[in-house]
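Model the full assembly from the supplied sequences, consistent with the hints where possible.
Just remember that my numbering sits 20 ahead of the position in the sequence shown, which is counted from 1.
Think of the hints as simulated: they come from the structure by calculation, not from any bench.
Backbone N, C-alpha and C define an ideal beta-carbon position, used for all residues, glycine too.
Don't take every hint at face value.
[As the list claims (entries may be wrong)] Computed cross-link-like contacts, SDA-like style, restricted to lysine to any residue with a CA-CA straight-line distance of at most 20 Å: (1) 101 to 64; (2) 101 to 41; (3) 101 to 49; (4) 101 to 68; (5) 101 to 72; (6) 101 to 124.
[Stated by the list, open to error] Taking CB as the label site, the calculated pair distances span: (7) 160 to 133: 15 to 23 Å; (8) 162 to 110: 34 to 42 Å; (9) 165 to 135: 16 to 24 Å; (10) 41 to 99: 34 to 42 Å.
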Amino acid sequence: RIHRGHLIGGCIEVLDWLRGTEFWPSREQWRNAMLFLETSEEAPAPEAVVQYLRILAAVGVLPLLSALLFARPGGQVAPEKFTEYDQALLQVIVEENGLTDLPIIAGMDFGHTDPMFLLPLGVQAEVDCGQQRFAILENGVVDQV
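And the structure:
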């Protein structure tokens, strides 16, 4: 199955700081978005990620999404701990909210990772579950004329 949507997101801790401000995305901006989240170099624990995701569920964001993209944990998190973050995602998305059709890609190289790539806000992207592929469908920059 193929899922498409515009990219929205960033650092999970900073995104939470925006909640309740004029900078928090509107319900329409969340609709069919591909939410990308990364943790800061402060390396919040998987339990903190659970709390952030529960907030997104409580304010009605999670059911509106077309996909969730999650970066490798930032900071000095040992690779053997990455599965704990994967479990945090599954706990909130699938077990607590029943969003079994929401594609989740974890362990991506964006945000506070090395190496890293950038995800351009607002552009259309695609997750092809059958091919296990993620693609950005449009240019992240435009030429000035």
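Results for each hint:
Annotation: proposed proximity of residue 101 to residue 64 holds, straight-line Cα distance about 12 Å (limit 20 Å). The straight-line distance between the Cα atoms of residue 101 and residue 41 is roughly 33 Å, outside the 20 Å bound, and the hint therefore fails. Using a Cα cut-off of 20 Å, the hinted pair residue 101 and residue 49 is violated, with the two alpha carbons roughly 33 Å apart. Using a Cα cut-off of 20 Å, the hinted pair residue 101 and residue 68 holds, with the two alpha carbons roughly 14 Å apart.
Under the criterion of a C-alpha separation no larger than 20 Å, the hint pairing residue 101 with residue 72 is consistent with the structure, at around 18 Å. Between residue 101 and residue 124, the direct Cα distance comes to roughly 18 Å. Compliance with the 20 Å bound is thereby established for this hinted pair. The hinted range of 15 to 23 Å is satisfied by residue 160 and residue 133, whose Cβ atoms lie roughly 18 Å apart. Between residue 162 and residue 110 the beta carbon distance is about 37 Å. The supplied range of 34 to 42 Å therefore holds.
Take residue 165 and residue 135: their Cβ atoms lie about 33 Å apart, and the range 16 to 24 Å is violated. Separation of residue 41 from residue 99 is about 35 Å and conforms to the stated range, judged on CB atoms against 34 to 42 Å.
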